[in-house]
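Protein chains: 2
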Amino acid sequence: MSILVVGSIAFDSIETPRGKAEKALGGSAQYFSIATSFFNPVSLVGVVGQDFPQEHLSYLSSRKVCLKGLQILDGQTFHWAGRYDDSYSDPQTLSTHLNVFENFSPQLPESYKSLPYVFLGNIDPLLQSHVLDQMQQPRIVACDTMNFWIGRKKKELLNTLSRVDIFFINETEAKELSAEKNLVQAARKIRRMGPRILVVKRGEYGSLMFTESSVFACPAYPLSDVVDPTGAGDSFAGGFMGYLAKKGASFEEDHLRRAVVYGNTMASFAIEDYSFNRLKSIDEALIEARFKEFSSLTGF
Amino acid sequence: MSILVVGSIAFDSIETPRGKAEKALGGSAQYFSIATSFFNPVSLVGVVGQDFPQEHLSYLSSRKVCLKGLQILDGQTFHWAGRYDDSYSDPQTLSTHLNVFENFSPQLPESYKSLPYVFLGNIDPLLQSHVLDQMQQPRIVACDTMNFWIGRKKKELLNTLSRVDIFFINETEAKELSAEKNLVQAARKIRRMGPRILVVKRGEYGSLMFTESSVFACPAYPLSDVVDPTGAGDSFAGGFMGYLAKKGASFEEDHLRRAVVYGNTMASFAIEDYSFNRLKSIDEALIEARFKEFSSLTGF
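So the sequence lines, in the order shown, correspond to chains H and F.
Residues in the first sequence are numbered consecutively from 5, following my numbering.
Residues in the second sequence are numbered consecutively from 5, following my numbering.
What the hints contain is simulated information worked out from the structure, not anything from laboratory work.
Ideal placement from N, C-alpha and C gives every residue a C-beta, glycine not left out.
Keep in mind that a hint or two might mislead.
[Claimed, not checked] Only pairs whose alpha carbons sit at most 25 Å apart, straight line, appear in this in silico DMTMM-like list of lysine to aspartate or glutamate:
1) F:Lys-179 with H:Glu-175
2) H:Lys-193 with H:Glu-256
3) F:Lys-193 with H:Glu-256
4) H:Lys-159 with H:Asp-169
5) H:Lys-158 with F:Asp-90
6) F:Lys-179 with H:Asp-277
7) F:Lys-179 with H:Glu-19
8) F:Lys-68 with F:Glu-114
9) F:Lys-193 with H:Glu-175
10) F:Lys-179 with H:Asp-94
11) H:Lys-296 with F:Glu-114
[What the hints assert, rightly or not] Pairwise CB distance ranges (calculated):
12) H:Ser-228 with F:Arg-156: 26 to 36 Å
13) F:Met-150 with H:Ala-293: 37 to 47 Å
14) F:Pro-57 with H:Ser-228: 18 to 28 Å
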């Protein structure tokens, strides 16, 4: 069964201490879709302008990404520009042109409404709720957000979170949302907001998953060459949800833990190059090989 | 067989966002010794002043810490004062009174010179080398340092490192020492300086161990209440070396990995209270229980 993803589709202009990429393909919905597509079909809801390359739509289709929910509007595609410093975390935004994304209102094709797995990418929490309003009892609803919404639309975000099962969030955002300095206490508080599963993303330090009765820690894959961290979080979510959907899983602890490791696996590929360049060059065998490396990375 | 430790013995005055401790017992050699003593006997080389409490020396003796190498000199014991901010990392030094530590020259009792395991705590690298000059072919030499020595005595530190098997270092210090921004590349470079085993300590993110052919990642134990991070690194080294010595280990990968987990275990206890307060209240059963929790924390 296909996974529904709603999120941004963008051109990203990226600067890092080592180089730059101009108007590269990006956006949460795309990173998620491509990462997920190695595990499971995806149904995408998003918006692009007339400038979006047709050959890339063909590529997405070739990866079993259903584009029935894609709106192609008059105007330009969302364009974000950002710069990373030496830490390769928390990019500085240089410019944001929302363009057709500004008035985006996600409309679900009829056939999407009964999909069992949902990923609400990082968009306005009002829109995230609007998507859920259109769904018929999905089995698992996962969600991402960012500091922008925590600061500006906290009430709406809390409303969305009350309807979410799995919540992906950065460490600093988790502390901001919960107003707690200690991450364990932050996690406890956020889980009380709704999500039974909380996955805290810590960049190069990996991730922590908090459930009702357990904590699971997974390191990041140790890369000697990080090119562009953009899309790491959405690739993580893509690997995570893709694995769950492929397994037909609900909330079984062992599936959730492996989903975290597949999330870290996909994120590690995403950051090895700009845009989807590395994700487009890998295959299932490479993914399995790296997944297995996490066993030797963590076993004792 | 006993482990030789050389390092500081101090009074620490600590301020954190939550509270303070005045002239609490501390210092690298003490944290190391107490953590190690749960696994293996320790032989301590260090210096204190006339103000050092006799009852604490009795406590150390009761924990099988041999004090034959302890110098008790006229004057005051080393006194450090520092303050932690909300991040509970990298304390700001408020004052340093070296006192009797200023002219410390480690002299090894005859019976110490043939000990098989050595831990060189964070002191002047010249003194670390001076200790090694007195040793007869130890099986494993481990070493710690800090940014102060990297900045001021790099040549002497490199000389020490060329004689060291296991090197414990903080993440920021590893990057500083290697002049590399990427940790994997930093580790590669530092291992070429001498140590076949490099353990990078990352505070609340746990630790990474780099060997010739592998990387091992171990998370920090997720605590909901961190009181005072002082001594975490030396308690880590204490658990690590104590376990190796108890096992009579050399460089077997499985022993080294478990040593890392015991290191994280002891560090997690140390930071639950000021000074050695928590370390003094635990026992082997509690240590084993927490060690086992790392399996459920990381298994998938």
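Here is what the structure says about each hint:
1. F:Lys-179 with H:Glu-175: 23 Å, holds
2. H:Lys-193 with H:Glu-256: 22 Å, holds
3. F:Lys-193 with H:Glu-256: 42 Å, violated
4. H:Lys-159 with H:Asp-169: 18 Å, holds
5. H:Lys-158 with F:Asp-90: 24 Å, holds
6. F:Lys-179 with H:Asp-277: 23 Å, holds
7. F:Lys-179 with H:Glu-19: 22 Å, holds
8. F:Lys-68 with F:Glu-114: Roughly 18 Å separates the two Cα atoms, so the pair holds.
9. F:Lys-193 with H:Glu-175: 30 Å, violated
10. F:Lys-179 with H:Asp-94: 20 Å, holds
11. H:Lys-296 with F:Glu-114: 50 Å, violated
12. H:Ser-228 with F:Arg-156: 26 to 36 Å: For F:Arg-156 against H:Ser-228, whose Cβ atoms are near 29 Å apart, the range 26 to 36 Å holds.
13. F:Met-150 with H:Ala-293: 37 to 47 Å: Taking Cβ atoms as reference, F:Met-150 and H:Ala-293 lie about 39 Å apart, which means the hint holds.
14. F:Pro-57 with H:Ser-228: 18 to 28 Å: Hint violated: Cβ distance 49 Å, outside 18 to 28 Å.
Hint violations for this structure: numbers 3, 9, 11 and 14, all remaining hints satisfied.
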